[in-house]
Amino acid sequence: MSDQNIVMRSATTTPPPHARSHDIPVAKLIDVSKCIGCKACQTACSEWNNLEYTVGTNTGVYDNPHDLEANAWTVMRYFETEAETGPLKGNLDWTIRKDGCMHCAEPGCLKACPSPGAIVKYANGIVDFNSDNCIGCGYCVTGCPFNVPRLSESDHKAYKCTLCSDRVNVGLEPACVKTCPTGAIMFGSKVDMQEQAYERIVDLNERGYVNAGLYDPAGVGGTHVMYVLKDAKNPQNVHLPVDPSISPMVSLWKGLTKPLATFALGAVALGGFLHYVMVGPKDEPVDDDDMDPRVPDPETDPDAIREARREKHESGRAHDTPGRGA
Amino acid sequence: MNLHPPRTTRPGIVRYTWGQRVNHWLTAISFVLLALSGLAFFHPSFFFFTHVLGGPQWSRILHPWVGVFMFVCFLILAIRMWSANRWEANDTQWMKQLDDEVMNRDELMPPIGKYNPGQKLLFYVMVASLVLLLLTGIVIWRSIFGVYFPVPVHRVAVLIHSVTAFVLIAGIIVHIYAAIWVKGSIAAMLRGSVSHAWARHHHPGWYAQMTGRRIEDVRGEPIVDRTRG
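Top to bottom, those sequences are chains B and D. Residue numbering for the first sequence follows this note's numbering, beginning at 11 and increasing consecutively. Residue numbering for the second sequence follows this note's numbering, beginning at 225 and increasing consecutively.
Derived from the structure by calculation, the hints contain no laboratory data. One or more hints might be untrue.
To be verified - Not close to chain D: a few residues of chain B, all C-beta gaps over 10 Å, as computed:
1. Asn-60
2. Val-71
3. Asn-81
4. Gly-100
5. Thr-172
As the list claims (entries may be wrong) - Below, simulated BS3-like cross-link-like pairs (lysine-lysine); rule was C-alpha separation at most 30 Å, straight line:
6. B:Lys-44 with B:Lys-188
7. D:Lys-320 with B:Lys-292
8. B:Lys-292 with D:Lys-338
9. B:Lys-243 with B:Lys-44
10. B:Lys-243 with B:Lys-99
11. D:Lys-320 with D:Lys-338
12. D:Lys-338 with B:Lys-322
13. B:Lys-49 with B:Lys-243
14. B:Lys-322 with B:Lys-292
15. D:Lys-407 with B:Lys-292
16. B:Lys-99 with B:Lys-44
17. B:Lys-167 with B:Lys-49
Stated by the list, open to error - Quick look at which bits of chain D chain B covers, simulated, 3 or more residues with Cβ under 8 Å:
18. 254-267
19. 362-370
20. 415-428
The structure displayed is predicted, hence computed values, not measured ones. We treat Cβ as the ideally placed atom computed from N, Cα and C, and that holds for glycine.
So here's chain B without its partners, still in its complex pose (with noise of 0.2 Å):
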């Protein structure tokens, strides 16, 4: 892959190579009015990436594997609720959510990240994890908003949805649009995946889903995955965060502190520096007792002894040299 498209370079001061970077932003739109839950998209991403997970146990659900993992970079969410719009209104509901990255504009993963190159975001919008790069600290966990970043307990390496970037930049739709039956999951350029978007919702709002819309948060600077949700006002009741944007915790912590606590270091250095060159160091009297093996030991020599006791009786209180006492 030629890396010449990167926009974003995950703990990189310099502009990354942007050479070929006039690519169109790209997304991948999930409308989850037409999901019927085949899990395709979850085999199909497995196929494509030759991952495996690990056959989990049944906890009465149908979520299955239950979670992101470093080897199911999507995961179908089902959720079991009373429909308040639409035709199914007071009646039993089935949203299936297809949860994985949302390849944010501003990633938060990126920004969190200590390791050059480890992430990057390319001209197209996908986010992508370098893994000979990445150093398994799990930050990138710490800055997702939408908690979707997971460490391999193998090789300690983060891992997500790539949007299939090795498909994109040949060409090709990612491997779950490829292989959804009802085109509930779309992929083209973002606007005309919002255009798409808005012609649906206007089809669920006749049909009675008043709160339809298109999630595509704005605080994290949009996302290259968005979702047409039958209830847009509520994400929340599918598990979706309301107004995602990066922690302000984390935007303290590699943002403003970044460069103060660097300057304040090498302010701190630099002023001992000077202040040593300025003031000098402190320095016992280089005239004291100690120096000069000649003068007798005030505290062990008697005569010593003596003639300090009758120096000091015959000054008195008025010890006008700033000298040491003996």
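Fit chain D to the supplied structure of chain B, relying on the hints for placement.
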């Protein structure tokens, strides 16, 4: 800088036993490794410091273990030094004359004990920092404790860890500079003893205590009382 105590006709005064010195230097070495590898995770400008622990991955693996080692070393050191770091009567006056101390007008300073108030404050900062760093460090130790703490706790912990580490590193820079500034200090921590002159000049209270003399005798000079103008 002179790392050797001045040669004198009589033996120096023991300031640190060999046990305390080993204890101090083990803490110091682990601190340097931790500060460098920690800065590497903090700001990309410092990322090359990951090499001190054998590369980025090894830094991530070793940093917490070295941290636990430093905490244990420091804990023993802190217990040993605890009683010598109690705040004393002259310390408050000494702090008021910090400008005199900084400008090397030593003859104006009130006599202080084994540690001056600056050293004592730094001691308290170190104790508080080490406790905070240990607690937050456990939270963000992903490979062992990663599953036990939710993401919001991680965010708070990693921020506290960074800010505390910054305070500690700044404090240790001051500590190291003070050791270079006050001649004889590094020798004291390397060799264990200081000259009588050093002890009498920098820590008259401690010198009086060690020799069984009265502070006025030790100073041999009037102490300027700035509180009375």
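How the hints compare with the structure:
{"no.": "1", "hint": "Asn-60", "result": "23 Å, holds"}
{"no.": "2", "hint": "Val-71", "result": "20 Å, holds"}
{"no.": "3", "hint": "Asn-81", "result": "16 Å, holds"}
{"no.": "4", "hint": "Gly-100", "result": "35 Å, holds"}
{"no.": "5", "hint": "Thr-172", "result": "21 Å, holds"}
{"no.": "6", "hint": "B:Lys-44 with B:Lys-188", "result": "15 Å, holds"}
{"no.": "7", "hint": "D:Lys-320 with B:Lys-292", "result": "19 Å, holds"}
{"no.": "8", "hint": "B:Lys-292 with D:Lys-338", "result": "16 Å, holds"}
{"no.": "9", "hint": "B:Lys-243 with B:Lys-44", "result": "18 Å, holds"}
{"no.": "10", "hint": "B:Lys-243 with B:Lys-99", "result": "16 Å, holds"}
{"no.": "11", "hint": "D:Lys-320 with D:Lys-338", "result": "19 Å, holds"}
{"no.": "12", "hint": "D:Lys-338 with B:Lys-322", "result": "27 Å, holds"}
{"no.": "13", "hint": "B:Lys-49 with B:Lys-243", "result": "26 Å, holds"}
{"no.": "14", "hint": "B:Lys-322 with B:Lys-292", "result": "28 Å, holds"}
{"no.": "15", "hint": "D:Lys-407 with B:Lys-292", "result": "6 Å, holds"}
{"no.": "16", "hint": "B:Lys-99 with B:Lys-44", "result": "17 Å, holds"}
{"no.": "17", "hint": "B:Lys-167 with B:Lys-49", "result": "26 Å, holds"}
{"no.": "18", "hint": "254-267", "result": "holds (count 4)"}
{"no.": "19", "hint": "362-370", "result": "holds (count 4)"}
{"no.": "20", "hint": "415-428", "result": "holds (count 7)"}
In this structure, every one of the numbered hints holds.
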